[in-house]
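Residue numbers (the working numbering), protein chains in the order written: chain A, 66 to 380; chain B, 143 to 709.
Keep in mind that the hints were calculated from the coordinates and are not lab data.
Accuracy of the hints is not assured; some may be wrong.
Claimed, not checked - So, partial list: chain A residues that the calculated Cβ filter (under 10 Å) puts toward chain B:
#1 P123
#2 F142
#3 T146
#4 H225
#5 V227
#6 Q229
#7 F233
#8 L319
#9 L337
#10 W339
Unchecked claim - Okay, derived cross-link-like pairs now, DSSO-like style, lysine-lysine, Cα gap no bigger than 27 Å in a straight line:
#11 K706/B with K223/A
#12 K139/A with K685/B
#13 K439/B with K223/A
#14 K294/B with K122/A
#15 K487/B with K464/B
#16 K420/B with K223/A
#17 K124/A with K294/B
#18 K663/B with K421/B
#19 K585/B with K122/A
#20 K277/B with K510/B
#21 K223/A with K349/B
#22 K294/B with K131/A
#23 K124/A with K585/B
#24 K426/B with K223/A
Predicted, not measured: the structure shown is a model, and the values here were computed from it.
Using N, Cα and C, we set each Cβ at its ideal position, and we do this for glycine too.
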Amino acid sequence: MAQQKKDKLSNIPKAELVKQLKRQWVLIVWSIFFVAYGLLFYYAPLVGWLMGFQQYKPKDGILHSKWIGLAKFKSLFSDATYLGVIRNTLAMGVINLIATTIMAILFAILLNEIVGVKKKKVVQTISYLPHFLSWIIVTGILHDALSGSGIVNELLLKFHIVPQAINFFAHEEYFWPIVAFANVWKETGWNAIIYLAAITAIDPSLYEAAAIDGAGRWDKIRYVTIPGIKSTIIILLIMNVGNVLNAGFEIQYLLGNGLVQRVSQTIDIYVLKWGISQMDYSLGTAAGIFKSAVSIVLILICNEVAKRHGEERLF
Amino acid sequence: MKKRVISMLLATLMVGGALAGCSKGNAGGGATASEDGGSAGDGKVKEFTAFFSVPHAEINDDNEIQQIIAEKTGAKVKETWLTGQTAEEAVGTLIAGGEYPDFVDAGDGSVQMYEAGALVALDDYLDSGNYPNIKEFFTDQEWDSLRQSDGKIYWIPQFSNIYGEERVCAHNDEAFWIQTRVLKEAGYPKVETMDEYFALIEDYYEKHPTMEDGTPIIPYTILCEDWRYFCLENAPQFLDGYPNDGSVIVDTDTMKIVDYNTTDTAVKYFKKLNEEYKKGIVDKESFTQTYDEYIAKLSTGCVLGMIDQWWDFAYTAGDALKAAGLDKQGCQYVPLPITIDKGMKNQWHNSGGIVHTSSGLAITTSCKDVEGALKFVDDLLSQEIMDLRFWGVKDVDYQVGEDGMYSKTQEMRDNDADTAYKASHKCEYAYFPQWEGTSRDGKNAMKPEQQETEFYDGLSDDLKECFNAYGVKTYVEMLGTTPAPGPWYPMYTFSQTMTTATPGGTAWRSMEDCKHQYLPKVVMADDFEAGWKEYMDAYNACKPEDFLSEMQTELDRRVAEAAKYEN
Numbered sequence: 066m067a068q069q070k071k072d073k074l075s076n077i078p079k080a081e082l083v084k085q086l087k088r089q090w091v092l093i094v095w096s097i098f099f100v101a102y103g104l105l106f107y108y109a110p111l112v113g114w115l116m117g118f119q120q121y122k123p124k125d126g127i128l129h130s131k132w133i134g135l136a137k138f139k140s141l142f143s144d145a146t147y148l149g150v151i152r153n154t155l156a157m158g159v160i161n162l163i164a165t166t167i168m169a170i171l172f173a174i175l176l177n178e179i180v181g182v183k184k185k186k187v188v189q190t191i192s193y194l195p196h197f198l199s200w201i202i203v204t205g206i207l208h209d210a211l212s213g214s215g216i217v218n219e220l221l222l223k224f225h226i227v228p229q230a231i232n233f234f235a236h237e238e239y240f241w242p243i244v245a246f247a248n249v250w251k252e253t254g255w256n257a258i259i260y261l262a263a264i265t266a267i268d269p270s271l272y273e274a275a276a277i278d279g280a281g282r283w284d285k286i287r288y289v290t291i292p293g294i295k296s297t298i299i300i301l302l303i304m305n306v307g308n309v310l311n312a313g314f315e316i317q318y319l320l321g322n323g324l325v326q327r328v329s330q331t332i333d334i335y336v337l338k339w340g341i342s343q344m345d346y347s348l349g350t351a352a353g354i355f356k357s358a359v360s361i362v363l364i365l366i367c368n369e370v371a372k373r374h375g376e377e378r379l380f
Numbered sequence: 143m144k145k146r147v148i149s150m151l152l153a154t155l156m157v158g159g160a161l162a163g164c165s166k167g168n169a170g171g172g173a174t175a176s177e178d179g180g181s182a183g184d185g186k187v188k189e190f191t192a193f194f195s196v197p198h199a200e201i202n203d204d205n206e207i208q209q210i211i212a213e214k215t216g217a218k219v220k221e222t223w224l225t226g227q228t229a230e231e232a233v234g235t236l237i238a239g240g241e242y243p244d245f246v247d248a249g250d251g252s253v254q255m256y257e258a259g260a261l262v263a264l265d266d267y268l269d270s271g272n273y274p275n276i277k278e279f280f281t282d283q284e285w286d287s288l289r290q291s292d293g294k295i296y297w298i299p300q301f302s303n304i305y306g307e308e309r310v311c312a313h314n315d316e317a318f319w320i321q322t323r324v325l326k327e328a329g330y331p332k333v334e335t336m337d338e339y340f341a342l343i344e345d346y347y348e349k350h351p352t353m354e355d356g357t358p359i360i361p362y363t364i365l366c367e368d369w370r371y372f373c374l375e376n377a378p379q380f381l382d383g384y385p386n387d388g389s390v391i392v393d394t395d396t397m398k399i400v401d402y403n404t405t406d407t408a409v410k411y412f413k414k415l416n417e418e419y420k421k422g423i424v425d426k427e428s429f430t431q432t433y434d435e436y437i438a439k440l441s442t443g444c445v446l447g448m449i450d451q452w453w454d455f456a457y458t459a460g461d462a463l464k465a466a467g468l469d470k471q472g473c474q475y476v477p478l479p480i481t482i483d484k485g486m487k488n489q490w491h492n493s494g495g496i497v498h499t500s501s502g503l504a505i506t507t508s509c510k511d512v513e514g515a516l517k518f519v520d521d522l523l524s525q526e527i528m529d530l531r532f533w534g535v536k537d538v539d540y541q542v543g544e545d546g547m548y549s550k551t552q553e554m555r556d557n558d559a560d561t562a563y564k565a566s567h568k569c570e571y572a573y574f575p576q577w578e579g580t581s582r583d584g585k586n587a588m589k590p591e592q593q594e595t596e597f598y599d600g601l602s603d604d605l606k607e608c609f610n611a612y613g614v615k616t617y618v619e620m621l622g623t624t625p626a627p628g629p630w631y632p633m634y635t636f637s638q639t640m641t642t643a644t645p646g647g648t649a650w651r652s653m654e655d656c657k658h659q660y661l662p663k664v665v666m667a668d669d670f671e672a673g674w675k676e677y678m679d680a681y682n683a684c685k686p687e688d689f690l691s692e693m694q695t696e697l698d699r700r701v702a703e704a705a706k707y708e709n
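Just chain A, same shape as in the assembly (with noise of 0.2 Å):
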């Protein structure tokens, strides 16, 4: 698609391109703002990835520091726990995505069924507004319910489920599951909205002629709904990827600690740790630069395989 569009652009005559930009003027104009915003806040930046390149010293800043090559790149990879950062940013990044797209999908095809306006509107509202909240004060909720004494401990020595309270945040292999249901928690709500929109523009028709041929509630959620929402869950799916190296910073930072930290540290943790915290700002570059690098791969590997199953895609 993309091939085709370029090559009709270039097909036509300049008096009818000139013509048309005439006409188009206003939205040019507009897009000139969105434009400049891109370059200034996302491009910009990037003079500072040279950094990356130095031994950078902020008395002498970029232009007069010492050039020093990959050599911040080979110290980051022999460094055994950087490996360990990339390998925890990754698990984690990806079960999120996982665990916050198949929940947004379950509950908007709920929220779907639900029948009355009304209802529908509360539950909704409801189920969006922890989105909003900061991840200091979810960290903050999480640590008192799954403290020693917090409701989830005391509903499971209530139940004789466990023999002793629970210390959830001494066990490496509860890290990334908290985080997980933090995340789902957090944003199952705010992303059903995109799928419930998806759902809406569902051509009512199609359920009319399933309920004909005689397909009960399941069946149309299965044959209707989930196939009229495929393709905006593979788009959001495509863009989502390229996020899953920003499986966060506040969660890990806030909830992390010395017992766990061998799986609770993030990239941007360790970038914050050694960056800006021993003030080796080219290391801290570096390790920013990979991660960048490795989502534009993660996009494009995910494009292709779209591409492939003939499905939407970005580019």
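The hints should help you fit chain B onto chain A, whose structure is shown.
Coordinates of chain B only, in the frame set by chain A:
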């Protein structure tokens, strides 16, 4: 479709809100000395900004004593404290941004601030003779010890500086603390070792598993969050009878650096904690609790004992205990002189001032009025302003007896423990240079908590009873005092300045990382020996020898440096 539009709108609004928040924050942090409309009678009040890389209670904008000081000195400082970040992160962000407040205490990041060219050299100003109070603050030798690699002085350490005779009552440092009721129950026994200490706690816990109001008692808890994990980590040096060199032990016989992480004492200490953990005496949440949760626990009075620095809990949990009337239940803490074996000399408390050369109050290149800023610091050290900062307003916060001695009524003492009153009335400029010891009048102490009579009169009945039982009058006497061991002391002022630029600094960071992870594991291990071995393998992989050899070099340098002044 409609919903999508709405969500887009909402998203746009949120981004807008976030941006607005950012720009606001920047404006606040980057503000520099601006001349404020003349509010004080004859002159204008200069306004400075300051950032301190430690958390601290904020004071109100219309604070009364701050206003009085502004009228007397013609300047005031808007102080900002660390919130929600570590000190290193805050300083790293400041340097990356390149805009600074007028005053800064960057803590461990001070050297980095200097290397980034963010600080103003103070030498010429100090030599001008315009700031006698600052000049008087240190001896020439002490000033020289503050010189950086370019031979200039960039910061003024604020604390532990004694004017005249030393006056200490509170033990402002680390110790094993225990609630007075535990000692009372056992008839105030002599406690010298960890075994005795934990035996006391176990006995008390067995008889009283809950507080008077039914709250379950936590026999012993360990604060372990982030940099505050010293509560777990550095006890072996004290248990061996050495003072708080912080990162290493200095063997005074051989003048060699000793690593306290691997001594036999360290093994015994962690083994004891491991045993107590299995017995259920050590709080199961020790290693996952945050500092706030720890203080909250201490404030309810349900924690019988812990190891900590006085300043880390006394001003928060200590005040809360008093405010809740828990001092009447014997929930206040006293320190115990504990060592690994009986009859050893302990150095939990050292007398004499210490120049913490690694950090202090500095003036940044963003300050437009360095002379005015230094003048303000100079004024803060005058006796009149020192009294205002720490004693408060005469006849409001303290009274003067016929003999010229300051004292407080009970109401004044209660005010001192009231956070709302402190925020609206008291202004200590707590991270500006300050004197300890005896006032320039030769009678009173510089600070009320060092005034012996006032200190003792202000104690709760339980504390008085406890002190009387041990035949002492102050916290310090509970431990005994030894002078600081030598001019190199303390070594942590060097390890704090280490960065990953040297192999030793890198090893130091790795060791800290390793200890953060493994020390809790060792304490919680089912099989201590196996856990310890695993820890030691990980620890040795951090190359501690790199760190130790750099510490040895610094020790030798400091000893040689001090020798120059002896002739």
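Taking the hints in turn, this is what the structure says about them:
Against a cut-off of 10 Å between C-beta atoms, the interface hint on P123/A holds, since the closest Cβ of chain B lies about 4 Å away. Taken as an interface hint, F142/A does not check out: its beta carbon lies about 16 Å from the nearest beta carbon of chain B, beyond 10 Å. Proximity of T146/A to chain B holds as hinted, the smallest CB-CB distance being about 8 Å (cut-off 10 Å). Residue-level restraint check for H225/A is violated (minimum Cβ-Cβ distance to chain B is 19 Å; threshold 10 Å).
Taking 10 Å as the C-beta contact cut-off toward chain B, the hint placing V227/A at the interface is violated, the least distance being around 13 Å. For Q229/A, the interface hint holds, since its Cβ comes within 10 Å of a Cβ in chain B; the closest pair sits about 9 Å apart. At its closest, the beta carbon of F233/A sits 8 Å from a beta carbon of chain B; the interface hint therefore holds under the 10 Å criterion. Below 10 Å, beta-carbon pairs count as interface contacts, and L319/A has one with chain B at about 9 Å; its hint therefore holds.
A distance limit of 10 Å between C-beta atoms decides the matter here; for L337/A the minimum to chain B is near 6 Å, and the interface restraint holds. Here the hint on W339/A is kept, as its CB sits about 7 Å from the closest CB of chain B, short of 10 Å. Between the alpha carbons of K706/B and K223/A the distance comes to roughly 71 Å, so the proposed pair goes past 27 Å and is violated. Among the hinted pairs, K139/A with K685/B is consistent with the structure: their alpha-carbon atoms are about 20 Å apart, no more than 27 Å.
A threshold of 27 Å between alpha carbons decides the hint, and for K439/B with K223/A the separation of about 24 Å falls inside it, so the pair holds. Proposed proximity of K294/B and K122/A is supported: the alpha carbons are some 20 Å apart, at most 27 Å. Under the criterion of a C-alpha separation no larger than 27 Å, the hint pairing K487/B with K464/B is inconsistent with the structure, at around 33 Å. Annotation: proposed proximity of K420/B to K223/A holds, straight-line Cα distance about 24 Å (limit 27 Å).
Under the criterion of a C-alpha separation no larger than 27 Å, the hint pairing K124/A with K294/B is consistent with the structure, at around 17 Å. Note on K663/B and K421/B: the hinted pairing holds, with a Cα-Cα distance of about 16 Å set against a maximum of 27 Å. Between K585/B and K122/A the alpha-carbon distance is near 51 Å, which puts this suggested pair outside the 27 Å criterion. Pair hint K277/B plus K510/B holds up; C-alpha atoms about 22 Å apart against a cutoff of 27 Å.
Annotation: proposed proximity of K223/A to K349/B holds, straight-line Cα distance about 26 Å (limit 27 Å). Straight-line distance between C-alpha atoms of K294/B and K131/A comes to about 26 Å, which keeps the hinted pair within the 27 Å bound. Distance restraint check for K124/A and K585/B: the Cα-Cα separation of roughly 49 Å exceeds the 27 Å cut-off, and the hinted pair is therefore not satisfied. Between the alpha carbons of K426/B and K223/A the distance comes to roughly 19 Å, so the proposed pair stays at or under 27 Å and holds.
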